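J.: Chain by chain, the residues run as shown.
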Amino acid sequence: MRYLPLTRADRASMLETIGAPSVDALYSDVPDGALLSDPVDLPHHLGELQVEREMAKLAAKNIGTVSVPSFLGAGAYSHHVPATVDYIIQRGEFLTAYTPYQPEIAQGTLQYLFEFQTQVASITGMDVANASMWDGATSCAEAVLMACRATRRKKAVLSGGLHPHYREVTETYCQYSDTKVAGRDGHPEKQATANELDDLIDDQTACVVVQYPDVFGRIQDHTKLADACHAKGALLIVVFTEAMAFGAVKSPGSFGADIVCGEGQSIGNNLNYGGPYVGLFATTSKLVRQMPGRLCGETVDQDGKRGFVLTLSTREQHIRREKATSNICTNSGLCSLAFTVHMSLLGEDGYRGVATLNHETACKTADAIDAVAGAEVLNDSFFNEFTVKLSKPAAEVVEALVAKGVLGGVPLSRLYPNRDDLDHYLLVAATETNTDEDIADFASALKEVLA
Amino acid sequence: MSFTTHTGNRGLVLEEKLIFEQGEAGRCGVDLPKPAGIKSRLGGLDRDSDVGLPGLSEPQVVRHFTRLSQKNFGIDSGFFPLGSCTMKHNPRLNEKVARFSGLADLHPMQPESTVQGALELIDQCAHWLLVLTGMPAIAMSPASGAQGELCGMMAIRAALDARGENRRRVLVPESAHGTNPATAAACGFTVDMIPATEEGRVDLAAFEAKLGDDVAGIMLTNPNTCGLFERDVRKIADLVHAAGGYFYCDGANFNAIVGRVRPADLGIDAMHINLHKTFSTPHGGGGPGSGPVVFSDALAPFAPIPYVVKTTDGFKLVETADEKDGTKPFGRLKGFHGQMGMFIRALAYMKSHGADGLRQVSGDAVLNANYLLARLKDKLSVAFPGYCMHEALFDDRFLKDTGVSTLDLAKAIIDEGFHPMTMYFPLVVHGALLIEPTETETKESIDQFCDAVLSLVAKAQAGDAEFFKNAPYLTPRRRLDETAAARKPVLRWMPETV
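As given, the protein sequences belong to chains A and B, one line each in that order.
For the first sequence, full-length UniProt numbering assigns the number 1 to the initial residue and increments by one for each residue that follows.
For the second sequence, full-length UniProt numbering assigns the number 1 to the initial residue and increments by one for each residue that follows.
Please note that a few of the clues may not be correct.
Derived pair list, reagent style DSSO-like, types lysine-lysine, alpha-carbon separation capped at 30 Å [said to hold, decoys possible]: (1) Lys-286(A) / Lys-17(B); (2) Lys-310(B) / Lys-57(A); (3) Lys-447(A) / Lys-316(B); (4) Lys-96(B) / Lys-57(A).
Hints listed in this document are in silico derivations from the structure and should not be mistaken for laboratory results.
Bear in mind that the values here come from a model prediction, so they are computed numbers and not experimental data.
Work the whole structure out from these sequences, hints included.
T.: This is the structure:
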């Protein structure tokens with residue numbers, strides 16, 4: 001077997017050094033009957049070529065977003081990832097390293113984490129960021145738990161504009177910690193007002209969670225909501241699913257948010273059918289010791305040279321055990337490297353430039369869709385995603401579009417399978433990867449399907 | 001010969017500033033088409049200030065991260081015997097297939113009809129894991145080992161709630177990984193520690209004495225964090241079941257038994273599998289991981305959404321908790337459907353090895369660890385007697401009166417060109433050194449490591465403590481001041497203010 005270097009002679013000589021008669025003898029503590037004498041009922045080993053063929057066959061049964069005009073968003077976005085990103089993250093010194101517990105031989109990982117934290121803090125407009133979480137949804141849940149710790153309160157208010165997966169994960173995380181989750185159902189035709197959640201915020205409220213832009217694509221100023229939260233001693237958590245948006249819109253930090261967290265997949269990471277992604281998590285200096293997850297900090301070495309280490313680990317499970325701020329251990333290291341490399345390539349001009357391109361492409365797409373009979377774009381404001389009201393059920397329309405070679409958005413019924421009032425709404429995203437031809441193909445296919 | 005250079009660089013080890021200290025306005029590493037000048041529809045919230053990102057060209061970015069990579073030690077660099085972490089070779093084939101178009105470019109919300117290959121792949125990966133563990137059900141979505149634990153313990157909590165029982169105490173051995181108690185606490189349980197025996201295993205009498213009708217279950221790592229197989233594991237399972245509780249097994253050390261022992265045959269109710277350990281998906285400097293959880297029939301109905309089912313019409317993805325099929329999912333743990341990129345790599349790894357190769361994986365991992373144990377046991381102090389599984393545990397008695405600590409020794413090992421072992425874990429022995437060579441190491445590399453460790457031990461015992469206190473000497477950075485970092489945390493770069 002190509003990955004296993006021991007030879008028969010090695011094994012014999014090693015057993016002799018050990019003083020054991022066989023490898024099976026090393027398993028003498030396994031209870032009677034539990035040690036298998038034969039391989040389990042699965043195929044035997046294959047060469048590289050054969051494995052590659054089997055995997056290619058599975059891949060060929062799918063329609064990839066790159067192969068057809070694709071307008072899917074809802075928390076995962078197709079962006080161009082420069083070739084440099086994939087080259088850097090496949091360098092073995094990054095790919096095959098462990099969590100940087102030995103800082104003398106992990107300065108590469110530690111320095112990029114420090115740069116990552118600085119980039120995340122910069123785009124969100126916050127003081128500090130951690131070294132990543134698993135994804136946007138778990139970041140949101142961890143933010144709520146953090147707000148409960150910081151305020152010593154047990155109630156979270158979730159906006160109806162929050163992505164339903166984020167809401168479900170948050171509810172799942174809160175259900176066994178006596179944290180009450182309140183909120184309203186959102187609707188793409190009912191514009192949320194600045195004070196719609198005010199009556200839910202009381203002296204027991206730890207936090208209010210809003211999404212910006214919201215799950216229907218709308219963009220709203222949350223300054224007044226921040227004030228309403230702070231007046232009651234609650235924290236404002238601003239969640240996002242599209243990290244590219246902050247190149248075009250004001251940062252959540254400018255509203256007075258206390259925690260800003262969400263999904264970083266858009267920058268540097270492939271769609272990967274939903275994972276692995278990278279959760280971003282930022283907050284104020286005041287709250288840093290309540291943060292979950294790993295933090296990288298600057299220090300000096302024995303010779304006085306600048307270096308980086310993991311720090312404030314007394315918050316974490318390996319030190320605090322059952323009193324830790326979170327059980328998180330492994331996070332999304334390599335995905336945060338992809339984010340950092342992509343963001344470094346973009347820089348100020350590239351980040352803001354690609355955000356503008358996204359917005360302009362979405363504006364063109366919205367105009368083309370709105371012109372189709374039976375389709376109405378509902379959003380007054382959006383970044384690169386908006387909701388369309390259709391004359392036919394959206395799930396059927398999407399299937400019919402597939403037959404015409406277009407991946408035409410996400411039906412709200414897919415995101416909200418338990419609601420029956422959202423069948424006719426379609427969530428459409430457009431990014432810099434969509435060409436004018438893609439938009440025209442989408443619009444003409446939609447016209448045929450709705451006719 | 002020691003001297004300083006003008007640049008601060010030392011041959012191939014190049015000093016590298018932060019990207020924030022290198023940027024120039026006007027530089028950019030991407031080329032974009034000119035904007036069309038369309039009037040914005042951003043609700044009046046157009047960004048009106050700079051983000052504060054530096055501008056760099058592509059060659060600058062490539063050089064920056066290449067230089068950073070050269071300050072890192074990975075499995076590709078050398079021997080990496082970090083106990084409890086299973087740092088085995090990461091095959092590049094797995095990286096290649098994970099990037100195939102038709103896999104890497106799939107959107108999680110595409111219609112099912114367009115992702116039948118992806119759902120089949122998840123189903124295949126699940127099938128391999130189920131056969132290897134002998135268990136009847138699996139949740140694929142947990143993002144890591146720690147989230148897998150959360151998944152297992154939430155299922156236990158849901159099962160107890162369904163029984164209408166308010167059991168809140170979870171028994172956890174002292175030697176457990178820190179995520180175990182942290183996870184139990186996150187599910188609203190209280191943690192009750194079980195002491196270890198002189199032989200590094202669960203103290204069966206103490207365990208039995210702690211059982212009662214408020215016990216929700218036990219979280220037991222097997223093989224345990226001392227690198228030992230819990231030989232009373234079946235008795236533990238029977239006792240906890242008789243007391244009305246469940247058996248959560250931490251599967252972090254599955255590499256020692258994969259293909260040879262099925263956890264189902266040991267009486268477990270739930271176990272997470274770290275795909276980034278046993279199944280070789282890269283650790284990536286701290287993730288991403290993946291932690292699917294296998295379940296017994298008792299817990300299977302409570303598994304979280306989403307999950308894949310095979311029907312006569314092809315594969316379906318169940319994304320709602322209200323399917324009328326007798327299941328009672330405890331909720332959702334993650335956005336979308338789990339770490340697909342890791343399932344692809346793990347499946348390629350399993351297909352490459354096959355049932356025969358995976359059996360060889362565990363056998364060689366255990367053989368390598370016992371060989372290392374045999375080579376070091378006379379000069380170091382073995383924590384517990386007998387054969388070990390995939391990792392060997394020592395305590396620091398052999399360093400007594402030398403003035404050298406476990407940490408000092410580890411730092412000297414770095415200068416010898418190895419990644420050190422896990423230190424000070426598990427907590428049940430003093431100054432622990434936990435060494436896991438894995439099956440992908442040659443006898444030669446283990447011999448070289450053992451020779452180096454033995455020479456350092458001789459040096460420590462000869463009274464050269466000062467040498468160890470200041471190690472490492474040859475690394476890009478020497479020992480870093482962690483106390484200063486925590487006292488006044490600097491967690492980001494800030495522009496110098498005038």
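J.: List in ascending order the numbers of the hints, as given earlier, that are violated by the structure.
T.: none
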